[in-house]
Amino acid sequence: MKNLIPLLISLCIIWSERETLADDMNFETRREILLKHFANLNLPSFAVCLAKFATEHDLDNGVKIFDTLISNPSGDMFFMFQSLMTYLYAKEKMPEWLKQKYRNVWKTYTPFRGDTENHWVMYYVSLYLAAQEWKNQDGTKWFNGKSSSENFKESEEWINKWIEITTTIGQGEFDSPRYLPFFLIPMFMLYEFAEDSLMRLKAQMMLDYLFSDYAVEHLAGCYCGGHSRDYPYDALNPRYAPSSAFAFLYFSDEGFKKTDLNRFGIAVFAAVTSYRLPDIIYHIATDREVPYEHKERKRVRNVIRFGKERNPPVYKYTYVTKDYCIGSLQGGVLQPIQQHSWDITFSDSGDYNTIFSVHPYFSEIEVGMFFPEEMKILPELVDRAHKVYRNPNKWSSSSPYERLFQYKGTLIAMYDFKLMKPVERYRHINIFIPRILDHFEIDTLGWIIGKRGNGYFGMRILGGMLGLEVDSISYSFKVYGDRICLIVESGGKVEFGDFNSFRSALKSCSFEFDSVKFVVRYKSLRGFEMLFEYPEGRFLNGEKYDLNWALFDGNYLKSEVGALIISWRDKKRILNFKNLKIIEE
Amino acid sequence: MLILKLILLILFVFNFSTKQHHSGRKIYAVVLISGKLVVGVKNPISGLFISEDAGKTWEHRGWQNIKANSMAIEPDSKGKVIYLAAGNGVLKSTDSGKTWRIMTDWRITEVLKIIIHPEDKRKIFIATPYGVFKSIDAGWNWEEKNRGIRPEETGTTSSTFVSSILIDRKNPRRILIGTENGIYESLNEGEQWKELALIGIGIRTIVQSPHNPDVIFAGTEDNGIFRSNDGGRTWEKVNIGLKGLTIYTIAFDPTNSKIIYAGGYKTGVCRSNDEGKSWFCSEEGLNGFNSIHSIAVHPENPNFIVAGTIDGGVYISRDGGKTWKFSGLEGTLVWTVVIE
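For the record, the sequence lines run as chains B and P.
The opening position of the first sequence corresponds to residue 1 in the working numbering, with each subsequent residue numbered one higher.
The opening position of the second sequence corresponds to residue 1 in the working numbering, with each subsequent residue numbered one higher.
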């Protein structure tokens, strides 16, 4: 009995940790829960340290943690922004010796500026605010040998350039469940600490911009549809991606558990600021009563070799309902290594609530397009950092041989491996379907059909040989062939009623598939006809379907030159980047 | 007393022989990456390393992780003024690498090569994946010099991927650049570029013979080595004996025009004794690190050769490339080696 007591206590703790957080919390309550949770931890982390200062709980330990973390700096721009945010927020509560010690870090620590868009946003925003903090100091006081004013000017120029590019030709590292926080936090920092009121306004507008971009493709804590960069574990289990921390804090707490708080540390950096999400964006993130389609244009990251232009456009299409969301990019190499071209995300808040396919392509040409090192060794160098680049079972990848065509809940994916060069690998696609399904079958016509919560899907594989591996989390299909076509249908209770109605309706869908010309004509579940001639011939109901739309084009978000118009019901919020004004109607 | 004299004699002979080999010249090794580079975590140290004892020991100078690609030493500065071409831009030290300043701003990144004009040390050219940039004030200000190679003019972003620059010794206003789309030429110090040769081929290095300025070699991606005898106007493939066809580096014996060294992806170190007509490649002593990214030949003792390997650090040969011995910087990708 004596031994059972600790066990029972532990079980009670585990049970309470597994509890779903109350679902009627407002932002302020979630914010408070998050900060308290981290303030009570004792880990060497800036998030913990910042939470302690924000709640004024355990300040001595906050000082100790900060001292430890800055004593042996590493992490480049990740160190820069986290340490600086903590310092700027808490400096009044820090002892003088610690402040001096931290100031010296900016002289002695030599961070790498990085090679991605999110790296540069973190680097230059941190440098901007550091140069603002320690004004009028000469180059000998700074790690890069430049004076405070030189660093400030350079950073300000780049931040302005980034805002201009993002709001005119689109973001390069767009809609990334992994990297969204690393664009948001620097904007939070500018919003909170920039002395220049215009810079603060720009930061506020960019926060509204990035949050709107997320909100419109948000479902059940997930960032759904196509992404520029998605790590495999985030792709498989999107509720666990870092972006979900911001869904929890700003959109909704639906389905999140107390244990989830442990992985929301990045949101502490937002929670301590005075930024409040405009109601209109909150509504866009959570109102799923009426299904809607949404289009976006982004840009390819800088193509340094083998491209016709530096930043070709990326066209993104997403269809969002209460029960599920399905979204896609147009296919092709739009980002190296971690592209996530399409998915269905179910509103069921359990684990692995997604379906997608990927061609596990890799090549020295693909990475050579974006990275300057020697091409022969680039795949190896990428694998040293990312582990799975050359793995045939990987779950994130771009492919020059993949093309997609989506309209509403229907998506066609085509893979032409006949075009592959002999040295290129692999000639198969991987399809992820989660094990957690309420229903799963392969019917006599060949449809793979399933149900997850109130979301339904049907998938037809044309061309190729099918293999199926079943493990604890997935039905993993591998399709081998020269020319493979996937037809994906998605639906939900709101649109189709019960699951059986959806299953029956699938039988009415018809297709003609010509593997020689590599063309598919498909009469869809919703009655429209899609004709897809690989690679770029897209026709809808007999009309050419051009990929040619603005940065945002949907009911909730529309862009005009230099402006983003955010709408929900009769409300409007206009972010005018030309005149630097926020207009509410 | 006799023993003491003997010791002194040994020390004198040793010192003399060492000096004969490297004449007190420093060896510089620019390390791109030590093993792996993951941005945002603690990585093993990379960057600039200097040896002052003919490669026996190496000392790190300056920044720890900036994806350093290459370097240039200002002539007559006795190694005090060093430029480093790196991911963060161009770094400059005026105190032999003790302190550094980043000379470029956000407009310039991923600098692959840097070269100082032989007639005016204030004029500096850099090669980047975004084209050529030029400074006329020793690095304080930079201007993009991409007229003629911009993607909108050539139809490909490969033309601005510039990985090497050569200032023609015979006519220093003439500059050749090696791009991912062949070789381009400027006759006015980079103000305007035009196609010269090997269009469509990725160029990894271009070098001019110290014995005859009309002789130029180009190392390429997948196409081996090309030689021109007329200053770059016409080229011929000279690949006999090469073990691989991706060539990153070509270096000349300063005293014998017939001897040339080359290295590349899985080639070992290749030596030509007939002005590049044929090659003999050796891996003896390289411990399997047969991808060579940079070779430097000692100016006074041409049998003393330094090779920067991919993943294996620095190797040194004292017999004109026949055999190699590990020098240091184990596990690193040594992008450039320079003998002062």
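Don't take every hint at face value.
[Said to hold, decoys possible] Distance ranges between label pairs, derived from CB positions:
#1 Val-38(P) x Thr-168(B): 48 to 58 Å
#2 Glu-560(B) x Leu-187(P): 29 to 39 Å
#3 Glu-96(B) x Glu-153(P): 23 to 33 Å
#4 Asp-138(B) x Arg-150(P): 52 to 62 Å
#5 Lys-153(B) x Val-38(P): 28 to 38 Å
#6 Ser-472(B) x Val-38(P): 44 to 54 Å
#7 Lys-517(B) x Thr-234(P): 12 to 22 Å
#8 Lys-42(P) x Ser-197(B): 54 to 64 Å
#9 Arg-200(B) x Arg-150(P): 51 to 61 Å
#10 Glu-560(B) x Arg-169(P): 20 to 30 Å
#11 Pro-210(P) x Tyr-480(B): 50 to 60 Å
#12 Arg-390(B) x Glu-153(P): 30 to 40 Å
#13 Glu-309(B) x Ile-199(P): 14 to 24 Å
#14 Lys-194(P) x Lys-571(B): 50 to 60 Å
[Stated by the list, open to error] Okay, the calculated bits of chain P under chain B, using three or more residues with CB under 8 Å as the criterion:
#15 94 to 107
#16 149 to 160
#17 205 to 217
#18 229 to 243
Hints are computed from structural coordinates only; laboratory data are not their basis.
Think of the CB as a built atom: it goes at the ideal place given N, C-alpha and C, for glycine as much as any other residue.
Status of the hints after comparison with the structure:
| no. | hint | verdict |
| --- | --- | --- |
| 1 | Val-38(P) x Thr-168(B): 48 to 58 Å | 32 Å, violated |
| 2 | Glu-560(B) x Leu-187(P): 29 to 39 Å | 47 Å, violated |
| 3 | Glu-96(B) x Glu-153(P): 23 to 33 Å | 58 Å, violated |
| 4 | Asp-138(B) x Arg-150(P): 52 to 62 Å | 38 Å, violated |
| 5 | Lys-153(B) x Val-38(P): 28 to 38 Å | 31 Å, holds |
| 6 | Ser-472(B) x Val-38(P): 44 to 54 Å | 29 Å, violated |
| 7 | Lys-517(B) x Thr-234(P): 12 to 22 Å | 45 Å, violated |
| 8 | Lys-42(P) x Ser-197(B): 54 to 64 Å | 38 Å, violated |
| 9 | Arg-200(B) x Arg-150(P): 51 to 61 Å | 37 Å, violated |
| 10 | Glu-560(B) x Arg-169(P): 20 to 30 Å | 56 Å, violated |
| 11 | Pro-210(P) x Tyr-480(B): 50 to 60 Å | 56 Å, holds |
| 12 | Arg-390(B) x Glu-153(P): 30 to 40 Å | 36 Å, holds |
| 13 | Glu-309(B) x Ile-199(P): 14 to 24 Å | 19 Å, holds |
| 14 | Lys-194(P) x Lys-571(B): 50 to 60 Å | 58 Å, holds |
| 15 | 94 to 107 | holds (count 6) |
| 16 | 149 to 160 | holds (count 7) |
| 17 | 205 to 217 | violated (count 0) |
| 18 | 229 to 243 | violated (count 0) |
Going through the hint list in order, the structure does not satisfy hints 1, 2, 3, 4, 6, 7, 8, 9, 10, 17 and 18.
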